[in-house]
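Enquirer: Here's the letter readout for the chains.
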Amino acid sequence: AQKVTQAQTEISVVEKEDVTLDCVYETRDTTYYLFWYKQPPSGELVFLIRRNSFDEQNEISGRYSWNFQKSTSSFNFTITASQVVDSAVYFCALSEPWGGKLIFGQGTELSVKP
Amino acid sequence: GAVVSQHPSWVICKSGTSVKIECRSLDFQATTMFWYRQFPKQSLMLMATSNEGSKATYEQGVEKDKFLINHASLTLSTLTVTSAHPEDSSFYICSARWDRVGFYEQYFGPGTRLTVT
Chain A
216 AQKVTQAQTE ISVVEKEDVT LDCVYETRDT TYYLFWYKQP PSGELVFLIR RNSFDEQNEI
276 SGRYSWNFQK STSSFNFTIT ASQVVDSAVY FCALSEPWGG KLIFGQGTEL SVKP
Chain B
26 GAVVSQHPSW VICKSGTSVK IECRSLDFQA TTMFWYRQFP KQSLMLMATS NEGSKATYEQ
86 GVEKDKFLIN HASLTLSTLT VTSAHPEDSS FYICSARWDR VGFYEQYFGP GTRLTVT
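Which chain is which? The protein sequence lines are A and B, in order. So the number in my numbering is just where the residue sits in the first sequence, counting from 1, plus 215. So the number in my numbering is just where the residue sits in the second sequence, counting from 1, plus 25.
Here chain B stands alone, though its shape is the one from the complex (with noise of 0.2 Å):
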């Protein structure tokens, strides 16, 4: 199957630093990306959709100046968390669609756990 690889695993940072976490299609290329949010003991919750070559979708209540999204290339989407807090402290899940004809399939990376101290 396919393979969607997040960077970092984890992260730790201060209060008020900025943190870029990436996620690759690894041997697809992928125009829509997906970013989703999970806190500890819930659901994973959608953030933003993420397009090729131009801005992201937003879900309600995600603050699109706070969290940064780059799809600069069919393989690579980059989610940046700006001057982060305590309550930003998550794992970060992204999923790849890989377009197929007549349908599509969806990959997961790994996610990547954020601590904010």
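Okay, chain A solo, but in the shape it has when bound (with noise of 0.2 Å):
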């Protein structure tokens, strides 16, 4: 059965601090997307990022970064000098190939203090 998990229910950081958000997953599909997910409160999804499960390059965009490593099942997701407005709640989810249908980790949720 797939499972996404994501330990950290709650981050608080203050503002320009890094921070890490963990993904752990589980599937026995070979070939499978990860994904990354922010949902502010107007609750629209912003989607971030998605992989393929044969590219573990890691990617950089701007300030966001990816790690995903297959040998530990994880995608993390780093944020560098993080703002206020990264404030949201952050979802790791994990689709087949070709269904399309996700399945999301429990979300954590970040709050950036000034």
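These are calculated hints, taken from the structure and not from any lab test. None of the values given here were measured: they were computed from a predicted structure. Mixed in with the good hints, there may be bad ones.
[Claimed, not checked] Quick list of simulated restraints, FRET-style, between CB atoms:
| no. | chain 1 | residue 1 | chain 2 | residue 2 | range |
| --- | --- | --- | --- | --- | --- |
| 1 | B | G41 | A | A216 | 32 to 40 Å |
| 2 | B | S98 | A | S257 | 26 to 34 Å |
| 3 | B | K91 | A | R278 | 41 to 49 Å |
| 4 | B | R138 | A | L263 | 21 to 29 Å |
Where a beta carbon is used, it is the ideal one built from N, C-alpha and C, also for glycine.
Using the hints, build the complex out of the two chains.
Expert: Here it is as structure tokens:
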């Protein structure tokens, strides 16, 4: 069965601190996709990244970076120099290659204080 | 990027009434759409997979007679909550899958907040 675990329920940091959100997944599929979404208070999901299981390269996009390690079934997300606008709930998700339905983790609520 | 809309954005209804929520892909065709439900402070849980022209596939524990899904066209799927009760109050989010050559993209709607009084 597929499962995504985000062990950190809430994280609170002070602005400009770096913060890493953890994501561990379980799947028997050899091909799959991993995602990160941001959900601000408005509720609308904001897509951040999709990673194919065959692509283990780490990715950086501005202040955001992702570390994908198949050996530990982890797909962690780091925000560098956090800002107040980063405050939101962040979800890690897993999908099968062609179905498209997503299995979401429990979410991590990030609070960045000025 | 592609856009998925939902209507209404929020709705308040009385217990026992039915509510219909629409999910539209505005600039692409979606053979498959998904309906998720999110209770306060919780994660998104898949309710059902909506397939154009065929019956929806419901996840275990979701009552298909209570949550009616109709995917009558390639750009529209509807979720009807029948005989709504306060425990159905939740945030309902749809997503639409855009099938491309060799891969797919998935886009989420902005969500519909349902309150049953």
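Enquirer: Now tell me, hint by hint, if it's right for this structure.
Expert: Right, here's what the structure says about each hint:
no.	hint	in the structure
1	G41/B - A216/A: 32 to 40 Å	holds (36 Å)
2	S98/B - S257/A: 26 to 34 Å	holds (28 Å)
3	K91/B - R278/A: 41 to 49 Å	holds (44 Å)
4	R138/B - L263/A: 21 to 29 Å	holds (23 Å)
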